[in-house]
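Participant: If you want the building blocks of each chain, they are given just below.
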Amino acid sequence: MLFTRFLAGGLKSPVIIGALVVILAIGVIVPVLNLAVAPGSAFHIPDHMVPLFGKYLCYAMAALALDLVWGYCGILSLGHGAFFALGGYAMGMHLMREIGDRGVYGNAVLPDFMVFLNWKELPWFWHGFDSFVFACIMVAAAPGILAFVFGWFAFRSRVTGVYLSIITQAMTYALLLAFFRNDMGFGGNNGLTDFKDVLGFDLQSGRVRSTLFFLTAFFLALNLLIAAAIVGSKYGKILRAVRDAEPRTRFLGYRPDKIKLFAWTVSAIMAGVAGALYVPQVGIINPGEFAPANSIEMVVWTAVGGRGTLVGPIGGAILVNAAKSWFTGVLPEYWLFALGALFIFTTLYLPDGVAGLIRKMVGKARSKPRGKDEETEAPAADAPAGAAE
Amino acid sequence: MPLLRRLVLLTFAALALAFPATGARADAAEISAIVDRFATASKFPQVEAVIEALGAAGDPLAVPALRALEAGELQVAPDGRVVIERGDALLDPVTLEAAAPVEGRLKKVRTKNSIRRMIGDVISGLTLRAPEPAIRMTAAETIFASADAAQLDALEAALAEETDAGVKSRMEEARAAILLTASDDPAVQMAAIDIIADRGDQQALAVLATYANQASNADVQAAAREGVAEIESTLAMWQAGQNIWYGVSLGSVLFLAAIGLAITFGVMGVINMAHGEMVMLGAYTTFVVQETIRNSFPGAFEFSLLIALPLAFLVSGLVGLVMERGIIRHLYGRPLETLLATWGVSLILQQAVRTIFGPNNREVGNPDWMSGAFMIGEMSVTWSRLWIVVFALCVFGALLFAMNRTPLGLQMRAVTQNRRMASAMGIRTPWVDALTFALGSGIAGIAGVALSQIDNVSPNLGRTYIIDSFMVVVFGGVGNLWGTLVGGLTLGVVNKFLEPYAGAVLGKILILVFIILFIQRRPRGLFALKGRAVE
Amino acid sequence: MTDTQSQSQSQSQPVPAAAKAPINPALAPTPSARKDTLLYLDGVSRSFDGFKAINELSFVLAMGEMRAIIGPNGAGKTTMMDIITGKTRPDKGDVFFMGDIDLTKHDEPTIAQMGIGRKFQKPTVFETQTVADNLLLSLKGERRGIPALFYRDNRKDRRTIDGILDKIRLGHRRDELAAYLSHGQKQWLEIGMLLAQDPKLLLVDEPVAGMTDAETEETARLLREIAVDHSVVVVEHDMGFVRDLGVKVTCLHEGHVLSEGSLDHVSSDPQVVEVYLGR
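Chains as they are written, first to last, in UniProt numbering: chain V, 1 to 389; chain H, 1 to 535; chain U, 1 to 279.
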């Protein structure tokens, strides 16, 4: 009851409602165009495009998660890829268990890579992943707990700004190194792959692919709704107060560390869910997902879309990744040039992203912006932390 | 090691030429006669007998022939002559002068592993009384390792004549090693153990440890065990010293990579994510300089690094200057955006280098003075690492001077401490910023020159150092050169001490975790600026 | 007294008895007297890198009192506020609130929740939020994050906010972003935020800096109105404004109290004259 009322709080803005409708519509239309429309038709979406679009939506979810902390809380996380990957690994571990004895070595108890490494029994942390429900809990718990512990330490000691960014990067880098190790028990270099089924359904079948795509769209919509509800609540106001003038909130009696910790943890869980949906669609999770470069790319999706707007980063992630797919197909040499230029261009000329640009144009057309609406409010850039001095 | 071997071979050659003049215990003709017996030695035991005879003759003139035999160069001609075939040349096995051409096919004198070992022992026996102390030393060392009782007489004879104290003690150790196994008098063995234990290195440990497992006498065995323990503790000390050295060497690399970053971060509060790429540009500058020298002035190769240093400084500094003027200037007061924009620059620089130079590692050579290694006790020190440590200290000294004694340094410090006040005092802060950024980038460039000597020069070079550099800066604290030095060295040493216990990767992870925790306790680093101005 | 003793014992290094005693024993409030004070500072010192920002400062504020603090730059006014609000820990000395709450043992949020509000020298409002939201965030009550997720707009809070808006003359700008307010209006909004906190003690740092004369007069009126049911400490340079307030004045210099009393008394104190006019 309380929670429903809380979620209803996310529906205050027409932009959010519109975005929710669009996302859910895409979630239905893409599978329909894939399954129900004949392959020859101009409207047919080929099989390989469905997981590709699904991947974009997962990235969009990660960008949304990042926006919640960066746009509304001023924490530029260079480590969200770690949460994404942890969620992915949790799901990947379950999918590995579902392979059962159909692996190359035909071992019913041990995944292939453990047989290969001559392991005799399943490590303790793999127990439980036989259960899909347990895996789903871990999808949220693994990134959530990491984020909680990390944030608890970091925010309590008032680590802010670039320092915080750098240690988030160190965090994901440390995990990258750790997951590369064979003896960590997560498949080392190769990660987890060769998945067969999810809940007994063949991952290669068109229907499962479509269902996964729909679920991704659904969770993206759900996360957007939750994020909008959080941002629109009084807590959201506190969050932005902390972002703009953290010391000031302390003198009002708020504990910025606790305030930030909640948003940070929620955001990490969202990223974890995105990773969990990403893995069955892409078919592999490996330590490369922890690479610092991945996390920074998430930042550019958010920046291009427009941080502090919720809807913007979703569009940004899809836009940038579509561009990436195009470039790597046509001009693979130049993708990094384009991406680098995008970083520079966005920060120099588009500090509020595409969403900010649109808002400015709409604002000009209306001549006077309404200050009250969440979605039309201009959030300041990361205000210097010492503002209260 | 190759250097050592080359040295030994060289001295052998010199020795062979010099010997007839110094007089011999047996003359050349006699040795030649024995060497010629290889012609008829078709079975291994016969070959062994000839080698023994050469050893018994006790003349170092036999050494070249034995070496040739060991290397598989000793051949028998159809006419029964024994010659050395080296490349296209045929040499007399004793005089090493060119031998008469041979009709027909040469037949190699065959050897096997045990014979080659035997040759080594015989050679060391023969060279025990060579005129050069270094050769005698090597001979004694070989005997020490083999502990071959057959060499005892030759050794004692040599010992009686030996005048060089260092060689003498080596010979005594060798004798002790022989006596330890050869003698059955416990008193002699005890004395031998004492001598070997005092030597205290890896070989001594091997000798004693082997013996401790097979000793017949319980007392002697106990003494040997004690000796082993003693040596082990000595070696542990040396190992610690070695670790510290490795740590210092890694630390100075980290320091070099991080110091430019510390300067730009300290003065401008700007995190330059492209800093690693500045290092990479420096390394590629070295590559280009060396290529040019190889193609046009091969003689100047020894000076290639000295030429590359200023060029790398200029190249990276210039790129930094352009970056500051073109991008960063517009982003002041927005540190997080600066971080992103510079990341964009780093992607572009990386891809540009990849496009121009290719994605693979490029070969950057070490000049002679940068290659090789030497030993201090049980510590091995490579010249390249030593020079990098020295270089890092020079860079540190130069920066310390620049910051404390030059007008630019004064202005930079003023801007670090209070930008607005500095500006009000008439310091042109934009100018200081630009120069600071150029300086920080330029130093990254010369760090690249140093790194090109010990690491692969590839487009990813910068990526491998950037996070470590951040850690050094964060750990050491901002705005303080000493912080970066101490931070770099500490992290280097801690890293190298963790490695043996935790492995390289886990060690690194532990360090990252440690820094993440450390920054919680001291968010501004080890050597942070204190006072109200910071809060 | 037991409080003070246990505290001095808990300090690791022994403090000489002389150093522990207040400068002037005659002025030292007795323990029983402390019970009736709102704010009680005794022998407080704090140095930064050897610079003594606060030096053996003793200061007492009675319940319901309004006090003005004057003093040249660097006299330690802001550091004193920092110590009271928990931003800075004193090197030594006692700081008590409401007689027996040891403020040196608490951090900023706890102290704020106990009822000490602070207005900064430079107006600090949440610029990206509306005037009304600024007040809503300051409103006394729940300070935890998760309950704030489920907070609902209600008539009582709205009435309180409207009341404060009227008091600070910003009713007509209720829904505008705080960023668009003028300098003086931001100062008032910040005072309004203090009122919304409904603290027992208000610390107001230079409220009229940069204000026009009319605004200054208005602010003095506002502060007097607040002082009716709150205790207030005002730090201010503007002597006219201090005179307007008409309250007891404490003059700080180099980290300790130079003179205390009515404005006339203080301004005729030869030491004060010397400090302000130079030797």
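No lab work stands behind these hints, which were simulated from the structure alone. Quantities reported herein were computed from a predicted structural model and do not represent experimental measurements. Cβ coordinates follow ideal geometry from the N, Cα and C atoms, glycine included. Among the hints, erroneous ones may be present.
Unchecked claim - Far from chain V, some chain H residues (derived; all Cβ distances over 10 Å): (1) T163; (2) A165; (3) A229; (4) F287; (5) I348; (6) Q351; (7) A352; (8) T355; (9) N366; (10) S380; (11) C394; (12) T429.
Claimed, not checked - With a straight-line Cα cutoff of 27 Å, these simulated BS3-like cross-link-like pairs (lysine-lysine) come out: (13) U:K35 <-> U:K105; (14) U:K87 <-> U:K122; (15) V:K258 <-> U:K140; (16) U:K167 <-> U:K122; (17) V:K55 <-> V:K196; (18) U:K167 <-> U:K200; (19) U:K140 <-> U:K52; (20) V:K258 <-> U:K105; (21) U:K87 <-> V:K258; (22) U:K248 <-> U:K167; (23) U:K200 <-> U:K248; (24) U:K156 <-> U:K87; (25) U:K52 <-> U:K156; (26) U:K35 <-> V:K258; (27) U:K156 <-> V:K12.
To be verified - Not close to chain V: a few residues of chain U, all C-beta gaps over 10 Å, as computed: (28) T85; (29) D102; (30) P109; (31) Q113; (32) L136; (33) R144; (34) I146; (35) R169; (36) S182; (37) G184; (38) E215; (39) A227; (40) S268.
Participant: What are the numbers of the hints the structure violates, in ascending order?
Facilitator: The structure conflicts with hints 5, 6, 7, 8, 19, 24, 25, 26, 28, 30, 31, 32, 33, 34, although it agrees with all the remaining ones.
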